[in-house]
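In the UniProt record's numbering, the protein residues as written are 1 to 140.
Treat the hints with care, as some may be off.
[Stated by the list, open to error] As a list, the in silico DMTMM-like pairs of lysine to aspartate or glutamate whose alpha-carbon atoms are at most 25 Å apart:
{"#": "1", "residue 1": "Lys-119", "residue 2": "Asp-72"}
{"#": "2", "residue 1": "Lys-119", "residue 2": "Glu-67"}
{"#": "3", "residue 1": "Lys-49", "residue 2": "Asp-105"}
{"#": "4", "residue 1": "Lys-136", "residue 2": "Glu-115"}
{"#": "5", "residue 1": "Lys-136", "residue 2": "Asp-105"}
{"#": "6", "residue 1": "Lys-49", "residue 2": "Asp-93"}
{"#": "7", "residue 1": "Lys-49", "residue 2": "Asp-139"}
{"#": "8", "residue 1": "Lys-49", "residue 2": "Asp-72"}
{"#": "9", "residue 1": "Lys-119", "residue 2": "Glu-132"}
{"#": "10", "residue 1": "Lys-49", "residue 2": "Glu-115"}
{"#": "11", "residue 1": "Lys-95", "residue 2": "Asp-139"}
{"#": "12", "residue 1": "Lys-137", "residue 2": "Asp-105"}
{"#": "13", "residue 1": "Lys-95", "residue 2": "Glu-132"}
{"#": "14", "residue 1": "Lys-137", "residue 2": "Glu-67"}
{"#": "15", "residue 1": "Lys-136", "residue 2": "Asp-93"}
{"#": "16", "residue 1": "Lys-137", "residue 2": "Asp-93"}
{"#": "17", "residue 1": "Lys-119", "residue 2": "Asp-93"}
{"#": "18", "residue 1": "Lys-49", "residue 2": "Glu-67"}
{"#": "19", "residue 1": "Lys-49", "residue 2": "Glu-132"}
{"#": "20", "residue 1": "Lys-95", "residue 2": "Glu-67"}
{"#": "21", "residue 1": "Lys-95", "residue 2": "Asp-105"}
{"#": "22", "residue 1": "Lys-136", "residue 2": "Glu-67"}
{"#": "23", "residue 1": "Lys-137", "residue 2": "Glu-115"}
Worth flagging that the hints you see were computed from the coordinates, not collected in a lab. Small disclaimer: the values here were computed from a predicted structure and weren't measured.
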Amino acid sequence: MSDQNLFFSGACMRLVLVPFFVIATLSSCGGGNGDPAPPPPDSNVFVIKNRGAVQCTTAPMPLATLERQLTDAGVQLAGSLAPPQIASSCGTDGKAYPTSCGSPDGQIGIFLIAELQLKTATAAGFVLMSSEPNAKKTDC
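Hey, can you work out the whole structure from these sequences and the hints?
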């Protein structure tokens, strides 16, 4: 190869690589402090809690009792924030339990709350419904 061909191939390489590295460097700048953005104020999530029922012995806790646990912790149900939304319902955790006295039955209470109040709800013993992939709503 002649020296002239090396010059042109090097110049072409610079024309390709320099913009690539500039773009790669600039696109890696996040600009933030690493904290995730807070959810929008109108964003709601479903939280659940076991209703404490045990086969043959204990009836499931009423939804009103679980609602009171949330409100006592300072969480407002989404249905009380905006009209015609369902704020609570019955459900099952979707897990298989043996049919025997003393075993849990998987009944849960499902509650719609503002996502901003999730930390307070989890401190009160509630978990995100999405963390239980088989959980689903049922008739009460």
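Comparing the hints with the structure gives:
1. Lys-119 to Asp-72: 14 Å, holds
2. Lys-119 to Glu-67: 16 Å, holds
3. Lys-49 to Asp-105: Satisfied, since the Cα-Cα distance of roughly 13 Å is no more than 25 Å.
4. Lys-136 to Glu-115: Satisfied, since the Cα-Cα distance of roughly 19 Å is no more than 25 Å.
5. Lys-136 to Asp-105: With Cα atoms ~14 Å apart, Lys-136 and Asp-105 stay inside 25 Å; holds.
6. Lys-49 to Asp-93: Distance ~9 Å between Lys-49 and Asp-93 Cα, so the pair holds.
7. Lys-49 to Asp-139: 16 Å, holds
8. Lys-49 to Asp-72: Holds, at about 15 Å.
9. Lys-119 to Glu-132: 17 Å, holds
10. Lys-49 to Glu-115: 16 Å, holds
11. Lys-95 to Asp-139: 17 Å, holds
12. Lys-137 to Asp-105: With a Cα-Cα distance of about 15 Å, the restraint between Lys-137 and Asp-105 holds, given a limit of 25 Å.
13. Lys-95 to Glu-132: Holds, at roughly 9 Å.
14. Lys-137 to Glu-67: 16 Å, holds
15. Lys-136 to Asp-93: Status holds; Cα separation ~7 Å.
16. Lys-137 to Asp-93: 9 Å, holds
17. Lys-119 to Asp-93: Within the cut-off at roughly 21 Å; holds.
18. Lys-49 to Glu-67: 10 Å, holds
19. Lys-49 to Glu-132: 11 Å, holds
20. Lys-95 to Glu-67: 23 Å, holds
21. Lys-95 to Asp-105: 9 Å, holds
22. Lys-136 to Glu-67: Given pair Lys-136, Glu-67 holds - Cα atoms ~18 Å apart, limit 25 Å.
23. Lys-137 to Glu-115: Answer holds: Lys-137 to Glu-115 is near 19 Å, not above 25 Å.
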